[in-house]
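Student: With the hints as constraints, model all of the structure from the sequences given.
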Amino acid sequence: MGDSKKWTHIAVIGGGSWGTTLASLLCRNARVTLWARDTAVVDEINQAHRHSRYLGDLPLNKKLKATNDLETALVEADAVLVAIPSHNFRAVLESVAPHIAETTPIISMTKGLEATSQKRMSEIIRELCPNQPAGVLTGPNLAKEILAGKAAASVLALDHPSATWLQPLLNVGLFRVYHNDDVIGCELGGVLKNIIAIAVGLGDGLGAGDNTRAALITRGLAEVTRLGHALGGRPETFAGLTGMGDMIATCTSPQSRNRHVGLELATGKGVEQITSDMHMVAEGVKSAPTVVALAKQHSIKVPICREIHRILEGKADATLVYRGLLRVVAGAESEPG
Numbered sequence: 033m034g035d036s037k038k039w040t041h042i043a044v045i046g047g048g049s050w051g052t053t054l055a056s057l058l059c060r061n062a063r064v065t066l067w068a069r070d071t072a073v074v075d076e077i078n079q080a081h082r083h084s085r086y087l088g089d090l091p092l093n094k095k096l097k098a099t100n101d102l103e104t105a106l107v108e109a110d111a112v113l114v115a116i117p118s119h120n121f122r123a124v125l126e127s128v129a130p131h132i133a134e135t136t137p138i139i140s141m142t143k144g145l146e147a148t149s150q151k152r153m154s155e156i157i158r159e160l161c162p163n164q165p166a167g168v169l170t171g172p173n174l175a176k177e178i179l180a181g182k183a184a185a186s187v188l189a190l191d192h193p194s195a196t197w198l199q200p201l202l203n204v205g206l207f208r209v210y211h212n213d214d215v216i217g218c219e220l221g222g223v224l225k226n227i228i229a230i231a232v233g234l235g236d237g238l239g240a241g242d243n244t245r246a247a248l249i250t251r252g253l254a255e256v257t258r259l260g261h262a263l264g265g266r267p268e269t270f271a272g273l274t275g276m277g278d279m280i281a282t283c284t285s286p287q288s289r290n291r292h293v294g295l296e297l298a299t300g301k302g303v304e305q306i307t308s309d310m311h312m313v314a315e316g317v318k319s320a321p322t323v324v325a326l327a328k329q330h331s332i333k334v335p336i337c338r339e340i341h342r343i344l345e346g347k348a349d350a351t352l353v354y355r356g357l358l359r360v361v362a363g364a365e366s367e368p369g
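Using this note's numbering, the letters of the sequence shown map in sequence onto residues 33 to 369.
It is worth saying that the hints were derived from the structure and are not from the lab.
This one's a predicted model, so the numbers in the text were calculated from it and none came from an experiment.
Quick reminder that beta carbons are idealized off the backbone N, C-alpha and C, glycines included.
Any given hint might turn out to be false.
Quick list of the computed label-pair ranges, beta carbon to beta carbon [stated by the list, open to error]:
| # | residue 1 | residue 2 | range |
| --- | --- | --- | --- |
| 1 | Ala133 | Gly356 | 48 to 54 Å |
| 2 | Ser194 | Asp75 | 35 to 41 Å |
| 3 | Pro193 | Trp39 | 33 to 39 Å |
| 4 | Ala185 | Lys94 | 24 to 30 Å |
| 5 | Pro200 | Lys94 | 20 to 26 Å |
| 6 | Asp75 | Ala262 | 44 to 50 Å |
DSS-like mimics (lysine-lysine), calculated; alpha carbons at most 30 Å apart, straight line [to be verified]:
| # | residue 1 | residue 2 |
| --- | --- | --- |
| 7 | Lys151 | Lys94 |
| 8 | Lys301 | Lys347 |
| 9 | Lys301 | Lys333 |
| 10 | Lys151 | Lys95 |
| 11 | Lys333 | Lys318 |
Tutor: Listed below in structure tokens is the structure:
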């Protein structure tokens with residue numbers, strides 16, 4: 033499998049911005065079928081080669097085929113890439129599992145945790161598809177920039193060497209994919225930084241300066257590393273693309289959904305109003321309760337995540353909490369907040 037790019041079939045499950053972007057990109061190296069729920073989205077991709085709701089007027093590869101029939105998308109798939117929000121990931125994967133071979137790798141592109149089980153997406157893959165190679169594709173990957181052809185890097189982390197053939201296939205143009213065997217660390221980096229991005233967005237919305245933003249990002253990375261290591265990731269992973277790299281992009285880009293949540297919180301809006309106005313999922317909102325619970329279970333101090341969780345739960349005033357966060361980042365650097 034994977035010996036010939038010409039005949040390799042990749043199924044991408046999830047027609048959001050990132051799933052659509054990667055599916056379009058991969059058409060240069062493989063035959064790609066994208067599954068999306070929305071018939072209008074499928075028709076627009078197939079006929080106009082656009083996904084205007086999430087990606088504006090950016091053109092998609094004309095070779096990309098979309099369908100809203102899951103079985104059709106998965107026919108003879110050599111690998112399955114899943115870009116489904118965390119709260120729907122399990123249900124969709126349960127529908128995927130009967131239609132793929134036991135040797136087919138399943139790769140998560142989702143940066144969230146399952147609220148009910150506290151599991152990472154790769155753990156759900158192993159639970160539902162125990163014989164399949166599993167992994168994650170993660171990093172500082174802002175979809176519109178990548179679709180527009182700007183240089184970007186990502187990391188493919190796998191739990192089995194039989195799927196390493198995917199790495200060269202995923203390298204397309206200026207999109208470069210590195211390999212890492214620390215699946216836990218790579219996956220958690222993509223999850224945990226989302227909450228820090230909400231904090232940074234809140235600060236930006238309240239008029240904090242560049243110095244304050246840098247302090248929040250740095251202290252936030254320390255929280256991410258402490259908790260990620262306690263959960264089984266390697267500390268050095270969080271200094272790489274899936275940790276620091278992803279955090280910088282998510283905390284500073286106008287395209288960041290989680291930073292946008294923070295900006296809106298600064299205006300006095302409630303989280304329900306903010307998320308209902310958004311077309312896309314901000315995983316940090318959904319992950320915050322689980323992250324704080326995991327930190328408590330492992331006796332890890334995560335003051336920034338904890339305070340953002342209080343705001344999202346409606347238990348604290350955003351402006352007052354942010355003042356408290358400034359005291360946190362101003363403490364001794366060697367201390368955990």
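Student: Looking at the structure, which of the earlier hints fail to hold?
Tutor: 3, 7 and 10
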